[in-house]
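**Student:** So the chains spell out like this:
Number of protein chains: 2
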Amino acid sequence: MSMIDLSPPAAGQRGPVEHGVRDQIVDAARAHFSRFGYGKTTVADLAKAIGFSKAYIYKFFDSKQAIGQAICAQCLDKVLAGGEAGVVEGKSAADKFRRYFNGLISTSAELFFEDKMLYDIAAHAAEEHWPPAVAYMTSAEDRLKAIILLGRETGEFERKTPIDETCEAILLVMQSFMNPLMLKHNLDGLPEAPTKAINLVLRSLAP
Amino acid sequence: MSMIDLSPPAAGQRGPVEHGVRDQIVDAARAHFSRFGYGKTTVADLAKAIGFSKAYIYKFFDSKQAIGQAICAQCLDKVLAGGEAGVVEGKSAADKFRRYFNGLISTSAELFFEDKMLYDIAAHAAEEHWPPAVAYMTSAEDRLKAIILLGRETGEFERKTPIDETCEAILLVMQSFMNPLMLKHNLDGLPEAPTKAINLVLRSLAP
Chain A
5 MSMIDLSPPA AGQRGPVEHG VRDQIVDAAR AHFSRFGYGK TTVADLAKAI GFSKAYIYKF
65 FDSKQAIGQA ICAQCLDKVL AGGEAGVVEG KSAADKFRRY FNGLISTSAE LFFEDKMLYD
125 IAAHAAEEHW PPAVAYMTSA EDRLKAIILL GRETGEFERK TPIDETCEAI LLVMQSFMNP
185 LMLKHNLDGL PEAPTKAINL VLRSLAP
Chain B
5 MSMIDLSPPA AGQRGPVEHG VRDQIVDAAR AHFSRFGYGK TTVADLAKAI GFSKAYIYKF
65 FDSKQAIGQA ICAQCLDKVL AGGEAGVVEG KSAADKFRRY FNGLISTSAE LFFEDKMLYD
125 IAAHAAEEHW PPAVAYMTSA EDRLKAIILL GRETGEFERK TPIDETCEAI LLVMQSFMNP
185 LMLKHNLDGL PEAPTKAINL VLRSLAP
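Sequence lines, in order, name chains A and B. Residue numbers in the first sequence follow this note's numbering, run continuously in steps of one, and reach 211 at the last position. Residue numbers in the second sequence follow this note's numbering, run continuously in steps of one, and reach 211 at the last position.
Treat each hint with caution, since some may be false.
For identical chains, the list gives no copy identity; a pair is met inside one copy or between any two copies.
Simulated crosslink set (DSS-like; lysine-lysine; CA at most 30 Å straight-line) [said to hold, decoys possible]:
{"id": "1", "residue 1": "Lys120", "residue 2": "Lys44"}
{"id": "2", "residue 1": "Lys188", "residue 2": "Lys44"}
{"id": "3", "residue 1": "Lys63", "residue 2": "Lys52"}
These aren't lab readings, by the way, just hints derived from the structure by calculation.
Sequences and hints are given; from them, build the entire structure.
**Tutor:** Encoded structure:
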């Protein structure tokens with residue numbers, strides 16, 4: 005780590021971008037949050053558990069939430085990667101659409117509901133509009149838009165509805181399966197329920 | 005109240021169907037729940053507040069939840085009435101569809117989010133699948149089916165998708181606005197967001 009990293013630190017992250025220490029803090033925080041819960045932990049608890057001083061942790065993250073955001077961002081990157089894998093596999097725009105949402109939803113369900121700590125953090129992120137949650141939705145919207153435009157080009161999808169209206173409405177009706185706060189109430193219906201919703205959306209896209 | 009009422013008591017409600025006393029208990033319970041919360045109240049608290057013995061209350065309701073269910077059923081009847089009023093106003097099947105969901109959603113938002121007590125009870129009902137919540141969804145599905153069938157008859161809606169699949173998928177995508185546990189996270193988007201979702205669903209119904 006002797007080279008100088010010129011990239012700016014992410015929101016809420018302070019000081020030199022020393023990835024080694026930062027990752028060490030995030031890993032230790034994950035372990036601690038998993039055992040004691042995100043809500044109940046303070047930066048002082050974390051410092052004690054890791055064996056760092058509070059001041060040293062504050063050199064890297066300006067609050068507990070900034071650490072939570074780093075964990076959340078890692079997790080949402082995995083969710084987006086689950087969606088991307090589906091897009092690559094899809095043969096047509098409709099197929100990409102279907103596999104994209106299936107990828108996002110199944111990865112979300114795996115991550116958020118097999119690890120209560122990740123769910124708690126994702127729930128805070130969704131409820132309080134944390135930057136990684138907002139960035140995730142922007143990313144999902146961009147990818148969705150690209151798939152819809154492809155389908156309009158290939159003639160698979162209708163072209164009358166303004167593209168932004170189409171994308172926004174799709175994200176609104178798919179939120180029951182994308183937003184962890186809502187997905188929580190839909191776990192019993194996986195994977196059939198999102199498939200039925202996806203089929204309805206694909207019917208709405210028909211030319 | 006000297007005439008004998010032959011209708012069977014509703015689930016969880018016991019003893020002779022003496023509406024006067026039953027209503028008196030429900031009204032007193034509403035007031036008490038509003039002040040102290042549904043979750044924290046016991047039947048003993050209620051009995052004390054109303055001035056009845058616990059045993060007397062148990063002659064009419066076999067648990068606190070049975071009283072909660074009576075309140076919930078009253079409330080969901082109002083929501084359904086809000087939807088029905090829309091159906092009556094609607095000129096075409098699409099218009100009835102739009103007004104039906106707008107009626108359900110706006111009445112839900114009014115009832116559940118202007119009175120924390122009603123939200124708490126509705127949330128318990130949705131989470132624990134109380135009979136009035138299940139009956140509400142059955143009722144909504146029946147009404148929806150009738151509107152879709154009308155639209156198929158008038159040629160406004162497509163006829164290829166099996167009707168049950170169509171109805172189920174619509175309720176799945178509209179649940180973000182119908183289920184109080186999910187609507188809670190969508191209040192900021194009212195009334196535009198459900199309108200966008202309804203427009204998407206209507207596109208999916210196009211012949």
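**Student:** Give a verdict on every hint.
**Tutor:** Taking the hints in turn, this is what the structure says about them:
1. Lys120 - Lys44: both (14 Å within a copy, 26 Å between copies)
2. Lys188 - Lys44: Result: close both inside a copy and across copies, 21 Å intra and 24 Å inter.
3. Lys63 - Lys52: Classified as within: same-chain Cα gap 16 Å, cross-chain 57 Å, threshold 30 Å.
Violated hints are absent here; each numbered hint is respected by the structure.
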